[in-house]
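Protein chains: 2
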Amino acid sequence: MDLPNNICIVGLGLLGGSYAMGLTRAGCTVSAVDLRAGAIRYALDNGLIAAGTAEDPAPLLEKADAVVLGLYPRALVEWLQKNQGLLKPGALVTDVCGVKGGIVEAVQGFLRPDVEFIASHPMAGREVSGVEYANCEMFRPANFIIVPTEKNTPRGIAFARALAGALGFAHITQLSSAEHDKMIGYVSQLTHAIAVSLMNATDNTHLAEYTGDSFRDLTRIAKINEQLWSELFFANRENLIAEIDQFAASLEGLKQALANGDEAELKRLFVQSARRRSLFDQRQAER
Amino acid sequence: MDLPNNICIVGLGLLGGSYAMGLTRAGCTVSAVDLRAGAIRYALDNGLIAAGTAEDPAPLLEKADAVVLGLYPRALVEWLQKNQGLLKPGALVTDVCGVKGGIVEAVQGFLRPDVEFIASHPMAGREVSGVEYANCEMFRPANFIIVPTEKNTPRGIAFARALAGALGFAHITQLSSAEHDKMIGYVSQLTHAIAVSLMNATDNTHLAEYTGDSFRDLTRIAKINEQLWSELFFANRENLIAEIDQFAASLEGLKQALANGDEAELKRLFVQSARRRSLFDQRQAER
Chain A
2 MDLPNNICIV GLGLLGGSYA MGLTRAGCTV SAVDLRAGAI RYALDNGLIA
52 AGTAEDPAPL LEKADAVVLG LYPRALVEWL QKNQGLLKPG ALVTDVCGVK
102 GGIVEAVQGF LRPDVEFIAS HPMAGREVSG VEYANCEMFR PANFIIVPTE
152 KNTPRGIAFA RALAGALGFA HITQLSSAEH DKMIGYVSQL THAIAVSLMN
202 ATDNTHLAEY TGDSFRDLTR IAKINEQLWS ELFFANRENL IAEIDQFAAS
252 LEGLKQALAN GDEAELKRLF VQSARRRSLF DQRQAER
Chain B
2 MDLPNNICIV GLGLLGGSYA MGLTRAGCTV SAVDLRAGAI RYALDNGLIA
52 AGTAEDPAPL LEKADAVVLG LYPRALVEWL QKNQGLLKPG ALVTDVCGVK
102 GGIVEAVQGF LRPDVEFIAS HPMAGREVSG VEYANCEMFR PANFIIVPTE
152 KNTPRGIAFA RALAGALGFA HITQLSSAEH DKMIGYVSQL THAIAVSLMN
202 ATDNTHLAEY TGDSFRDLTR IAKINEQLWS ELFFANRENL IAEIDQFAAS
252 LEGLKQALAN GDEAELKRLF VQSARRRSLF DQRQAER
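First to last, the protein sequences are chains A and B. The first sequence runs 2 to 288 under this note's numbering. The second sequence runs 2 to 288 under this note's numbering.
In case anyone wonders, no lab produced these hints; they're calculated from the structure. Be aware that one or more of the hints could be misleading.
Each pair may be met inside one copy or between any two copies, as identical chains are not told apart.
To be verified - Calculated cross-link-like contacts (lysine to aspartate or glutamate; reagent style EDC-like; alpha-carbon spacing at most 16 Å): (1) Lys64 to Glu79; (2) Lys256 to Glu128; (3) Lys256 to Glu239; (4) Lys183 to Glu210.
In this text the structure is predicted, and so the values were computed from the model without any measurement.
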């Protein structure tokens, strides 16, 4: 499938802005809607979009063959509830949310039947926000996950695939909403919960002068946007709690080996983690 | 203090080899002792050392004004017990161990009175081992910590400082053994315990294709040398257990906020961790 020509980005933040940049470069006519007039002005001034508004979105939406919602989960649902009447008949709609459970079902439950919502998740991001940091190069090494449900059509899935291809994602895969959220609970949300908890465990700012790479690497993602991440955590609460429990049990096992003076067990844990990490590197290299 | 001219490295691994390279470049006459003839040959062939042996260390040690023990904690204590009679009178001895409690006291307790052991910790390393990977450039951004006791003299401390200076460490500081080990328990050992436990929590190798930077960063250090790290963990067992407990309580607090639907508390934790991490970046930038 060719990418639709006219694409509107709703929510022009870091991701929305990077989509705009990439899609404009790919030859699409890109417009944008954002509450912040400064974001629209920046995107127009820097050639990321051909048109944009911080006011009435109707004139842009009625021309858009596809819409990318670059919004936080709750804002996404609210925006669609309020504005779905403005979408062009046959429009394809996708999102950038990091969690799918609850959101996809809700949206597909209330959306107009002549419009298709196909969920997708660009696994890319940075510790900054705002269109001013937009850069579609960040998609090059990243994964793009398409999350179809039984309500989606081959046309919707092909659109998501074409979108990811145009944006230059290295890997495009497809998962069910449940598979996606379980995986995300482990590889993304648990790691953020750990980084935040490590930073909060003690007032460690005075240790800045002693830290090496390991501490820096582990806590880089502790600089977290509280509104976005609390929405994502609550949207995936059960998976994340299960992952935290499993990790805490693993750490407790290591502590017990240490407390019991069980050197053989401690070494076994180290050998296992080193072997898994090597296998992991190998699989990544093979991709 | 000028660096002593003749320095012998005992244990020619990644760190010992990198010391050899840096000290040879700094103009010292560097020799080395290692059990592995291949390591000595490599260092000779590549100009890291002027002399070396995998057999009788006596001829090299009797000429050495200073000795750097690039050995694991237990091997260090055993080597000194066995070979201290071979050291040159007045020799200065230091180490590279990542934990000081137990080791420094033990060594200073049995060492000949005409030889001084001044403990130090180069906070640098990589996930590989062996002299073949030696590269003194790794010291440039790193911390060097001198850990004197009441048995050390100004001459011993000045030697450690001159050594770190010649190797090009960015920051040279001084801590007591107790301060050092408490700090290390948090910034290094706890982070390794977390990475290992995250890798061990579940068989996650099939997730390699979905992981982003955060998971890769958090688990990079899970590729761990089981002999070295079990020695280091046991040598600092009480500090590390206390740090694990504190971190586990912090993670449990986050989980409870999630389980109770307490969005305000979850956001407070995110804001706190983000603020601390920003302050931390700031302090590192100011250095």
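Structure-based check of each hint:
no.	hint	result
1	Lys64 to Glu79	neither (21 Å within a copy, 79 Å between copies)
2	Lys256 to Glu128	neither (32 Å within a copy, 23 Å between copies)
3	Lys256 to Glu239	between (26 Å within a copy, 10 Å between copies)
4	Lys183 to Glu210	between (37 Å within a copy, 14 Å between copies)
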